[in-house]
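> Two chains, two frames, some hints: make the complex.
Going down the list, the sequences are from chains A and B. Following this note's numbering, the numbering of the first sequence begins with 1 at its first residue and continues without gaps. Following this note's numbering, the numbering of the second sequence begins with 1 at its first residue and continues without gaps.
Facing chain A, a subset of chain B residues (Cβ under 7 Å, in silico):
1) Ala-26
2) Ile-29
3) Gln-32
4) Leu-43
5) Pro-66
6) Phe-69
7) Thr-70
8) Ala-76
9) Pro-84
10) Leu-90
11) Gly-91
12) Phe-99
13) Gly-102
14) Tyr-105
15) Val-120
Read the hints as simulated data drawn from the structure, not as lab findings. Here a beta-carbon is modelled for each residue, glycine too, at the ideal position from N, C-alpha and C.
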Amino acid sequence: MSAAWGVTAIALVSVATLVLGIFGLRVARTTSDFFVASRSVGPRLNASAIGGEYLSAASFLGVAGLVLAFGADMLWYPVGWTAGYLVLLVLVAAQLRRSGAYTLPDFAEARLGSRRLRTVSSLLVVAIGWLYLMPQFQGAGLSLGTITGARPWVGGVVVAVVVLVSVLAGGMRSITLVQAFQYWLKLTALLVPVFFMLQVWLGDGGVSPATESVTAGGTPGDVWAAPLASTSAHPLYSTYSLIVATFLGTMGLPHVVVRFYTNPDGRAARRTTLAVLALLGVFYVLPPVYGALGRLYAPDLIASGRADTVVLELPARMIGGLGGELLSALTTAGAFAAFLSTSSGLTIAVAGVVSQDVVSRWLRPITAFRVSAVIAVVVPLGLALAAPGVSIARSVGLVFAVAASTFCPLLVLGIWWRRLTDVGAMAGLAVGGTCSVAAVTDAFVGTHGPGWVADLLGQPAAWTVPLAFLTMIGVSLLTPHRVPSHVARFMVRLHTPEAVVLDRGRPARN
Amino acid sequence: MTDPVPDRVRVTSPRQVGTRLARTGASEIDAQTQLGELYMSSLLRSQGRLAVTVLVALVVLVGGLPLLFTWAPSLADVELLGMPLPWVLLGFAVYPVMFGLGWFYVRASERTERDFTDVVER
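Extracted from the complex, chain B is given alone in its bound form (with noise of 0.2 Å):
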């Protein structure tokens, strides 16, 4: 066997490399390479860090109460505004609780949304 000839390179200036960089984001995540497999990853991961950490903080301020119910039943007995304390935190306290979560939550993916923008079109 004998080695095949090597096919004739043409050497040019590498003018390509110019349009290459020009590349967007959005572009590379089109075209699904590993740059825009990364911006995606890193959007979703964000974002689901920031879910978590909303869903955690109900979890414990809201649905903490049954638990808090039971190791202090004494908490009944409290009396806020001439109510037992009970249902002044389930009545009343924990809706602007959500809200606040909700409001922060809105607010926090909405920046996460623009950086992800700024970086995508750049």
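Looking at chain A on its own, in the form it has when it is part of the complex (with noise of 0.2 Å):
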């Protein structure tokens, strides 16, 4: 592929980021604005915002990468990022809106009134944070290194640059236009380039990757096609663990929670989380597209370790000339959008909570926002930097199973179960966070052979998450005079329809 292009499609994108961000700095005056778009974004423009937001560098590069190298089982991926959403939506969509809690700590505060806990939830605020930036920056580097040979570095620094201005400028409102624009430019940039690669495929035969005789990476076509047949020692267990770790892991994402705020009501909360399940669902069956042409057009990037970089080349290699050129730039467009629209949001999410809780004691409210911002994006792009890379998409569903295992069971516990106390929240995820932790840390440093020690540190979900729920709730019963005494009044606030005249005690944040 050409640098030219390639380089171009960044640029463009980048400046389209910055001009809608400048834009949306005439109407951000408020601090409202700044964090909650003041509360009045629509269902539809909101949902798009929300795709844009989710769509991150595993969604758009990792889950290709996946499919290519190791088949059927990666389908969860994508599958579980979007019944996370239907999951939440069940469980918590219209109630986080209730609450009227800006971030996860105001809703721990508010809901259990208990400041240690909202510390706790702040600095689990900020690692999740953090550790779900890293790849992001990971997944720059290694596009822009792959049109143009530059470091690895290079493209981390640049899209932590486009984020930091744009979020410094204009803060939420303008971010909610950015990101539903980065959501449609996602989308049309894998599907455009999937009709012309099609039709390539059908002139050339239309052979199945799933056939025997088709070898990529050393594994026959027919074996990487079929479910529970690679990636670990015990893939029924990995793949349940997986589905634990993403059906419930995104609804204790920082950014993704923070986005509910912006909604007028608790009804429109829902009806946007239903709009962004179809948003989810028609962007989901691309990428696995890429990964399995990519068995046909592309197995040398098995073996070289950069599955990752498929949804790249695919376009060039498969449609030859100019073409080709510009589809792939496209692509690029769209990776350099997954990074920016992702990144953006946690950077908002990370910042509004690092403002509230340390920076706020010093400075004014939206020059504490700023400083904070610079804070949430520079340390995890040098840990990005010192970090060994592993699959995007892996370290993302590290991350999930972290949310999982910690703000998971704090919301679903403290808005379904009137006995949660505070002592017993706090257990849950000091138990549910170290676990996790741990066993993502280990993950990243990958010393284990293969073998049931490394399926359960590799994907934790399914043992952690059951964990800090009965630890939540046990401590929780052994401390029944910790329940607070406005319980009945905040399950009012969470439950009832707005429509409804009715004293809701004082909402977690105005």
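Spelled out as structure tokens, the structure:
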């Protein structure tokens, strides 16, 4: 692929992001604009924005790479990332909006009335945010390196700078617009090349990548295409553990939760989530197509360990000449839209927590938010440059395991179970957080040979999530005197439709 | 000890009963009376039951697929539209199913909330 087109594509996406971000500056004047777009975003725009924010490097590049290398079991990543929204819709969407909380720590404090629990939640938000930002920067480095041969850090720095400028300029209001735009850009960027590539494939005789004679990366096609046939010693356990992590982890992601406060009410929050389900379903049909066609047209990427770049390289390889170059430039643009949108969302979420809980003691709110945004970006950028590369989708999958083991039980029990106490929540967060973070760290370092230990640590959610739930429930039952006195009023706030005039106590945040 | 003389009691027509009957479910909830708690717990129960129904459907329809593939490995040899059946299911079919579940949930939960509103505002 020629560097010129790719660089042009990246430059266009970056400029479009900045222009939309700065256009939003005219509107974003108050602190509320910065944080929650003054809660005035309609379901359709908001759903596009949520989709744009959610579809990260892992969805855009990582899924295709994993499918290319490992086959059918990897389809569970996109399925799980979509199902996570259904679980979120059913269990927490409307209630989270009605709580009036802006961040997960806001919710924890409002529900259980404990400053200490708030602090622990804040630490977890920052940890999850940073872990999630890391693969975004690594993906950016990988992409820019693929196109121009630049060193891995260059792409990460480019994304970090663009994100910082747009977040510093406009806050949440402009980001909503930017991200809605980026969802449609990402969808177009994957969809248009697929049409041309399928034509080429049919012209070549339409050989199924699942046939036995197609060998790529040392695996024959029929083994690659069969479910539960590869990747780990206990594929059924690993698959179910991945299902637990992705189905339950989505609701615990800080940048996802922040979005719900931009809905005008609980009903709109539900409708937005339903629209997101549709947008995700449409998008996730596409990446596996790249992975499967990659078996036929780019099998060398597996051996060279660059499976994650298949989305970027495949159009130019399958379609010769200028057309292929332009289509590859299009997928490159989509990839950068993915890095930018997810990184912006995470940066806003982490910066929101850092500014509220740390920096705002010394600075005016908007200045505090800006200082925090810089902190939120610089630290994971440093980590990304220092850490060894793990497959993008896999490392994001591990972050889901941490979110599912911590904030998922806190939210589900906090919303549906009156007897939850601050001590119980704290114990659950500590147990779930410690176990999942330890397992994830071990997976990044990767010291174990194949076997049960490697599988249990490589996909920890199947045991860390039940452990966190049980700890929260058990310790809460042991500390019944700590049930907050305002729990009944708070349940009214969470569950009743806004149309009914009721005393709902104070909102978690004004 | 002598019994204390009972206070004189004024007997009037029970005019307050009228205002008491005019109390709405909303004010019962605000006052956290037993009736108000009943309204709340019935709202939570029906919303909770709805959530569990949708989640069970999700677990069976989507979460059951790995077990299905384990019990019937020959499914991988079945081809639909030129693709192995597991790919058709995981790559395409699950998405409309999940959207359908979400659509059902949104409609049903809005209906529950409308009923709740009607009852407590009466």
